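S.K.: Listed here are the chains, written in short residue letters.
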Amino acid sequence: MDSFLTSRIVSDILGGLTNGAIYGLVALSLVLVWRATRVLNFAQGAMPMFATYLGMGLLSYHWPYWVCVGVSLVAAFAIGALTERVLVRPLYGKPEINPIVVMVGYLIILEAFAAAIWSTTPRSLPAPFSPIDWQLGGQPVGLSPFSLFEIVTALVVMGAIVTLFRFTRLGLQLRASALAPEVSRLLGVRVGRMLTLGWMLSTAVGAVTAILVASNFFTGLTPQLMDGIFAFGFIAAAVGGLDSPVGAVTSGIVLGVILQFVGDYLNSNAIILVALVILIVSLMVRPSGLLTRSATRRV
Amino acid sequence: MITVEGLTVTFGAVNALRDVSLRAETGKITAVLGANGAGKTTLLRTISGLVAPQSGTVSLDERVLTRRKPEEIARLGVGHVPEGRGVIAEFTVEENLRLGAIVAKVPLEEGLAQQYEAFPVLGERRKQHAAKLSGGERQMLAMARALIARPSVLLLDEPSLGLAPLVTAQLMATIAELCATKDLTVVLVEQNASSALRIAHHAVVLNVGRVVADAPAPQVAADERLRQYYLGMVE
Chain A
1 MDSFLTSRIV SDILGGLTNG AIYGLVALSL VLVWRATRVL NFAQGAMPMF
51 ATYLGMGLLS YHWPYWVCVG VSLVAAFAIG ALTERVLVRP LYGKPEINPI
101 VVMVGYLIIL EAFAAAIWST TPRSLPAPFS PIDWQLGGQP VGLSPFSLFE
151 IVTALVVMGA IVTLFRFTRL GLQLRASALA PEVSRLLGVR VGRMLTLGWM
201 LSTAVGAVTA ILVASNFFTG LTPQLMDGIF AFGFIAAAVG GLDSPVGAVT
251 SGIVLGVILQ FVGDYLNSNA IILVALVILI VSLMVRPSGL LTRSATRRV
Chain B
1 MITVEGLTVT FGAVNALRDV SLRAETGKIT AVLGANGAGK TTLLRTISGL
51 VAPQSGTVSL DERVLTRRKP EEIARLGVGH VPEGRGVIAE FTVEENLRLG
101 AIVAKVPLEE GLAQQYEAFP VLGERRKQHA AKLSGGERQM LAMARALIAR
151 PSVLLLDEPS LGLAPLVTAQ LMATIAELCA TKDLTVVLVE QNASSALRIA
201 HHAVVLNVGR VVADAPAPQV AADERLRQYY LGMVE
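Taken in sequence, the protein lines are chains A and B. Read in this note's numbering, the first sequence has 46 at position 46, and its numbers run on one by one without any break. Read in this note's numbering, the second sequence has 215 at position 215, and its numbers run on one by one without any break.
For the record, the hints were derived by calculation from the structure and aren't laboratory data. Keep in mind that the hints are not guaranteed to be accurate.
[Unchecked claim] Lysine to aspartate or glutamate pairs mimicking DMTMM-like chemistry, simulated, CA-CA at most 25 Å apart:
| id | chain 1 | residue 1 | chain 2 | residue 2 |
| --- | --- | --- | --- | --- |
| 1 | B | K127 | A | E96 |
| 2 | B | K69 | A | E182 |
| 3 | B | K127 | B | E137 |
| 4 | B | K105 | A | E182 |
| 5 | B | K132 | A | E96 |
| 6 | B | K69 | B | E83 |
| 7 | B | K132 | A | D227 |
Note that this is a predicted model, so its numbers are computed, not measured.
Just need the whole structure built from these sequences, with the hints factored in.
M.R.: Spelled out as structure tokens, the structure:
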């Protein structure tokens, strides 16, 4: 039993779940914005990165860790709201390429600003739990308290989002505003606020993700922190279906596990290649995403 | 009571409504009739704030509605069942009703119970997706969803569209009963003039954005010229 738990396969699965939880969170944040406003947000990684600098930067002034996390989330809400109101709102009803161009530009600007203010030198964030793997009979298990914390956090965030959307009055209005904005307005739903709220939630989910990623000893907090992660999260969202929170999260987790095996058994350079092959093949098989119910929207 | 005064709406170079004035009395059904493109839907969309007029005003009792947002107008008690019903197919029957109840002042459970009593078929199918409903059931759902908010005004856009004659007759009876029992101001837009005139108290006929007749419903129904030229009612 002990040797099984410390085996290569189990260790790959656990490592894959940890990475996959992160990809799933990025995918979830993309889905939240896509569902609400039909914008593919290429700045989905950069906005939370900025919020994380604002919040976790306070660690240098000896603010307590969890207070800094709280400030990061508040900053993320504010950045999400401002971005939607100022940058995105004028783009509704315009050709689909317009928001894409604007968000790519926004990504570059945010990263440049972050580099100018905080420099590109990685800042190490303290992990709230030990990043050293648990041991069994002198062998590492492939899971540390911190990576367990990552998985649990991802599950809690996903559960909270699903609960909000499925079971609350606010969630009902969020979904209705995304599906049928005009009808929702006729029923008294303040659709504008709901769209802003979608962006706020998405950026906050992103900030949780960014803090987890930046707490990894090997990366630290940098302006480009989320670039690579965004690519995998984007692939997960595209494969799982941009309209399906559960699909996006599930495919994020599966992608994490597959890529962990690829990196371990093939070559770590093959990871991005395999990820892209998965994206292309899945888009050829099911362009609307593997877990999305095929759209049967009636007038 | 809804009062419309001197309403003009333009889309680009096209006048959709030209100097339209009318009054829909409380507790009465006012039918708005006319051919395709007469401006009937635009009139309802302007009343509920989806379309901004070039000039003119819309008032609910003493309150001016013009230039308010649709969501504010809905919160003031104007229920609008749009063309095509606007039922959210991805939602269950009950979710559609819960959405309608967002602005309601009565508790949700009480509102749901009332609508299920008024429309038993909705109660039987409360957990089903609205996509599974028939045309008539969707119209019932759309009306129940508007009524659960307890509006004082109900704007109905072509409720009979796509329904079989028997279902249309039942629907019209339901509208007449609702209007009488809840003291609603009903504005009923219909292409199906004969069905609408059977239950309406008052009728307004639009033609290319202008009011060409504004009279008690029986009078409009008896007017041979109106029937022939504007209502397409040829015996």
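S.K.: Determine for every hint whether it applies to the structure shown.
M.R.: Quick rundown of the hints versus the structure:
1. K127/B / E96/A: violated (35 Å)
2. K69/B / E182/A: holds (11 Å)
3. K127/B / E137/B: holds (14 Å)
4. K105/B / E182/A: holds (22 Å)
5. K132/B / E96/A: violated (32 Å)
6. K69/B / E83/B: holds (19 Å)
7. K132/B / D227/A: The hint is violated at about 43 Å.
Consistency note: the structure conflicts with the earlier hints numbered 1, 5, 7.
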